[in-house]
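To get our numbering, take the position in the sequence shown, counting from 1, and add 86.
The set of hints was computed from the structure by calculation and includes no laboratory data. All C-beta atoms in this analysis are idealised placements derived from N, C-alpha and C, irrespective of residue type, glycine included. Certain hints may be false.
[Claimed, not checked] For each label pair, taking beta carbons as the anchor points, the in silico distance ranges come out as:
#, residue 1, residue 2, range
1, Met87, Gly150, 34 to 42 Å
2, Thr202, Glu138, 19 to 27 Å
3, Ala189, Thr127, 18 to 26 Å
4, Asp182, Asn217, 32 to 40 Å
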Amino acid sequence: MSIRVLVAKVGLDGHDRGAKVIARALRDAGMEVIYTGLQQTPDMIAEAALQEDVQIVGLSILSGAHMTLVPRVLESLKNHELDDVKVIVGGIIPADDVDKLKAIGVKGVFGPGSKTDEIITFIREQVADANA
Numbered sequence: 087m088s089i090r091v092l093v094a095k096v097g098l099d100g101h102d103r104g105a106k107v108i109a110r111a112l113r114d115a116g117m118e119v120i121y122t123g124l125q126q127t128p129d130m131i132a133e134a135a136l137q138e139d140v141q142i143v144g145l146s147i148l149s150g151a152h153m154t155l156v157p158r159v160l161e162s163l164k165n166h167e168l169d170d171v172k173v174i175v176g177g178i179i180p181a182d183d184v185d186k187l188k189a190i191g192v193k194g195v196f197g198p199g200s201k202t203d204e205i206i207t208f209i210r211e212q213v214a215d216a217n218a
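Start from the sequences and build out the full structure, keeping to the hints where you can.
In structure tokens form, the structure reads like this:
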């Protein structure tokens, strides 16, 4: 069974080149990738995660609104009873906010320059740990 990943752009952020690069790398690594497109709400992301039966939600945020939007996505996932879905975040995230995001449930944070191989390995480890 292949790993299913939802790659999502939450909020009004209109730049998705990085999200598309990651989506392609994950696909090339054998994962099934669903890309939501731009300007998704937290509820739209949770609904897509439910409908697509994903194990991972990868949020791409460049707008600086991560401390507002990520908690809303986590809450929406919980409201959809998707507590087992792991969330990772990529984009422009200040170092001071990484631990804050992890404290509220984000499993991994990947900033500019993160290597796709590291992200792929991290996702595989997260899914393996969940299945153990």
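C-beta pair Met87, Gly150: status relative to the range 34 to 42 Å that was hinted: The hinted range 34 to 42 Å holds for Met87 and Gly150, with Cβ atoms some 37 Å apart.
Does the hinted range 32 to 40 Å hold for Asp182 and Asn217 at CB? Check passed, 33 Å falls within 32 to 40 Å.
Given a hint of 18 to 26 Å, does the C-beta separation of Ala189 and Thr127 actually sit inside it? Holds, since Ala189 and Thr127 (Cβ atoms, about 24 Å apart) stay within the stated range.
Status of the given 19 to 27 Å range, CB of Glu138 versus CB of Thr202: holds (21 Å)
Checked against the numbered hints above, the structure breaks none of them.
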